[in-house]
Amino acid sequence: MKPDERSFRIMLAADRYVNPPPDGVDAVAVAEQTGWGVMQLPADDYPPEVAGPLLAEVAEQLEEFSRHGYAFVLVGERAGLAEALAQVGVPLPDQISPRTPRQLADFLGGQPAPSAG
Amino acid sequence: MGVAFVAHCLLNQNSKVGDGAHCAGVYSPVIDVLREKGWRIEQMPCPELAFTGLNRFWAVKEQLDTAAYRRHCERLAEAVAAVISVRVTKGEDVVLVGVEGSPSMGVTVTSSDPLRGGRPEWPDGTAEHVSGEGIFVEEIRKALAKRGIGFPRVAGETHALPGHDEAAQRAGLESALEG
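Heads up: the protein sequence lines correspond to chains P and S, in order. Once you know that position 93 of the first sequence is 84 in this note's numbering, the rest is easy, because the numbers rise by one and skip nothing. Here this note's numbering = 1-based position in the second sequence + 778.
Where hints are given, some of them may not hold.
What the hints assert, rightly or not - If you want a taste of the chain S side facing chain P, the calculated C-beta under 7 angstroms gives, among others: (1) 803; (2) 821; (3) 827; (4) 857.
As the list claims (entries may be wrong) - Quick partial rundown of chain P residues pointing at chain S, CB under 7 angstroms, derived from the structure: (5) 45; (6) 59; (7) 94; (8) 97.
Claimed, not checked - Pairwise CB distance ranges (calculated): (9) P/78 x S/835: 23 to 31 angstroms; (10) P/73 x S/949: 41 to 49 angstroms; (11) S/896 x P/39: 40 to 48 angstroms.
Derived by calculation from the structure, the hints in this document are not laboratory data. Every residue gets a Cβ at the ideal spot worked out from N, C-alpha and C, and that includes glycine.
Kindly generate the complete structure, drawing on both the sequences and the hints.
Below, the structure written as structure tokens:
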């Protein structure tokens, strides 16, 4: 069996960085290059009754990662995220709204190593 | 083009059961195909991560198939079905990309062993792989049916299957995307 290759590093990414417009920053491509996992946040135009349950699930999953010492950051913004994280006792992580892939890669590279792993 | 609803771990291998992560984070063999073909990505929640946690054991379907886990998956499936409904209402094509061999995320192959339980001493093997859907996928099917939405075309990441062939995995995905 191959060894487990996880990075213990996760970016919460706003939808516009996962499904970027033509002139946008593709955070998934940067994550591939830098070895980070991605947790996608619901699109901004989803109604609250659709986005709310998704944000709650993201928060619960992030709480599990947090308790185990995984590192995580926020790329972009999402209304309601802070409240969802507060429900599970997790603060908002370091955040960036990058204008270029290089800016995002530098931000990720400057993060402290996770305590897990 | 359309919207691909992908298993959580295809964007985040950190969610995998211990010893199960095939790469650091993003599983490129699937995600790169979706990018090349211009499909929108929607990541589904990982049902096992939120229920049994990061320290969970490898499991077959019977070990997870409890009323409580079904309720958990049903809740998540309702959230996923709500998003699929938004997309279908816009007239967009939808594909579901799961993880073959998974007790939760299998789309055509899941894992089954009615005798498995207790101290985890079973050696690696393939005897548990059977045709069928994982529990979460079954609940998504039910949630869509309640909304009168047809079940989408499916494709699967096949790393856990014997004889995994990345070219065949890609061909299966491309076939699902092309409809």
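Now the hints, each set against the structure:
no.: 1; hint: 803; result: holds (4 angstroms)
no.: 2; hint: 821; result: holds (4 angstroms)
no.: 3; hint: 827; result: holds (5 angstroms)
no.: 4; hint: 857; result: holds (4 angstroms)
no.: 5; hint: 45; result: holds (6 angstroms)
no.: 6; hint: 59; result: holds (5 angstroms)
no.: 7; hint: 94; result: violated (19 angstroms)
no.: 8; hint: 97; result: violated (17 angstroms)
no.: 9; hint: P/78 x S/835: 23 to 31 angstroms; result: holds (28 angstroms)
no.: 10; hint: P/73 x S/949: 41 to 49 angstroms; result: holds (43 angstroms)
no.: 11; hint: S/896 x P/39: 40 to 48 angstroms; result: holds (45 angstroms)
Comparing the model with each numbered hint stated earlier shows that hints 7, 8 do not hold.
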